[in-house]
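**Student:** With chain A's structure known, arrange chain B on it following the hints.
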Amino acid sequence: MSMTRAPVRDFLVGCFVLVGLAAMAYLSIRVGGLASGPPGGFKVYATFDEIGGLKPRAPVVVSGVKVGQVTAIVLDPRYRARVELDLDPAVVLPVDTSASIVTSGVLGDRYVQIQLGGDPEVVKNGEDLGFTESAVILERLIGKFIHNVGVDKGEKTDQKDTGEGE
Amino acid sequence: MSAVRDLGALTLRFVDDLGRLAVFGGQVLRAAVVPPVRLRAFVDEMYKLGVLSIVIITVCGLAVGMVLGLQGYNTLARFGATNSLGAVVGLSLIRELGPVLTALLAIGRAGSATTAEIGTMVATEQLDGLRMMSIDPVHFIVMPRAAAMMVVMPLLSALFIVMGLFGGYLVGVGLMGVDGGAYLSSLESSVDFNDDVLGSLVKGLVFGVLAGLVATYRGYTSAPTSAGVSAATTSTVVVGSVTVLLVDYIITALWGV
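So the protein sequences, as listed, match chains A and B.
Adding 14 to a residue's 1-based position in the first sequence gives its number in my numbering.
Adding 1 to a residue's 1-based position in the second sequence gives its number in my numbering.
Note that these hints are calculated values from the structure, not bench results.
Be aware that a few hints might be false.
Restraint ranges, calculated between C-beta atoms of paired labels, are given here [said to hold, decoys possible]:
id : chain 1 : residue 1 : chain 2 : residue 2 : range
1  : B       : Val60     : A       : Thr85     : 36 to 44 Å
2  : A       : Ile43     : B       : Gly9      : 47 to 55 Å
3  : B       : Phe167    : A       : Thr85     : 27 to 35 Å
4  : B       : Met177    : A       : Ile43     : 26 to 34 Å
Here chain B is said to cover these stretches of chain A; the calculated rule only asks that three of the stretch's residues, wherever they fall, bring their Cβ under 8 Å from a Cβ of chain B [as the list claims (entries may be wrong)]:
id : region
5  : 35-46
6  : 67-80
In silico negatives: residues of chain B with every beta carbon more than 10 Å from chain A [to be verified]:
id : residue
7  : Val60
8  : Ala117
9  : Leu157
10 : Gly178
11 : Leu202
12 : Val243
Since this is a predicted model, take the numbers as computed values, not measurements.
The C-beta atom is built at its ideal place from N, Cα and C for all residues, glycine as well.
Just chain A, same shape as in the assembly:
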């Protein structure tokens, strides 16, 4: 039992606690996103027919540079997905700006890409973006492709009248 005061030991324990807390803070704040990325505060909304796998905290980019993130996704009264974007107030968006949902790589995460317009009038805080482009669903594209190929083949087999079952 060491009941005596031990300054070096106490100092080391203090350092250990500080390092541990710093690790927790890093995990919570940077990695966990309690306060991540560029300064937000400028909120705009975009409504999409299909958001694919877009999730809150997905990045919002202009020309590939992150300028904010998705903060909320709700269903609007007409059952379309209304996405709240929290952007760096330094970004000025003309009213003919469009937002599209794209994928990084073939199977990567979804994010929102903003294509700036040229209108002199700008979007104000809390307003909606006029133009949106929904997510492309790979399965649906493949389905359409297979369907089309199937139809083509079907017509040809009809002409040759081989009666081959599909």
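**Tutor:** What follows is chain B alone, placed relative to chain A:
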């Protein structure tokens, strides 16, 4: 016939042990709120259980992160999705590997030492000496150790995870050529504070409570012989590790962390 009897005896012993552990936990909890606050002993235990575990936690965290980076890269490369390496390494470390491996390491390194220490005190009748001076050994010996283990575990777990993320970055970005920005951005966009980080910290805290309780209980109840202390130390590692893994499953199943 005798096999059934053995099974019955085993079950009764298990339930009996569990009950005693719960009562012991109650005693420790009461000792924690009854003054005096044994701050001096608590800080000393923080040193033994925490500071002296830093090296093993750091090295193991780094190694696990590097392996995850390598395995994750090789698997993701088949799908051409190596840009998601940060998410794979981060989520597996934060949700499971960080808290669980830290608990297993801490039980092996610090829990066993605690059991052996208290067990030796039992064997050399030091706890009886305390009782003769009307000092409650649960308050004087057990409580600071259990409390220190509880506080130390989440800290060590966070350290393990950060080292693992760094190890994954070293291998993924440095060795395999994943883009550094992609690693960090997939990490940051896929890990959520409420869903992942909070659960990880809670797991660390729960495992700390379990490890501290099992280690001190096994020492406190060890037979007062050298064989008894040895058996108690082994039992701490076995029971502690199994308990942590089972409780981990229960936490994950119930709260989806």
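**Student:** Check the structure against each numbered hint from earlier and tell me which ones fail, lowest number first.
**Tutor:** Going through the list in order, the structure violates hints 9, 11 and respects the others.
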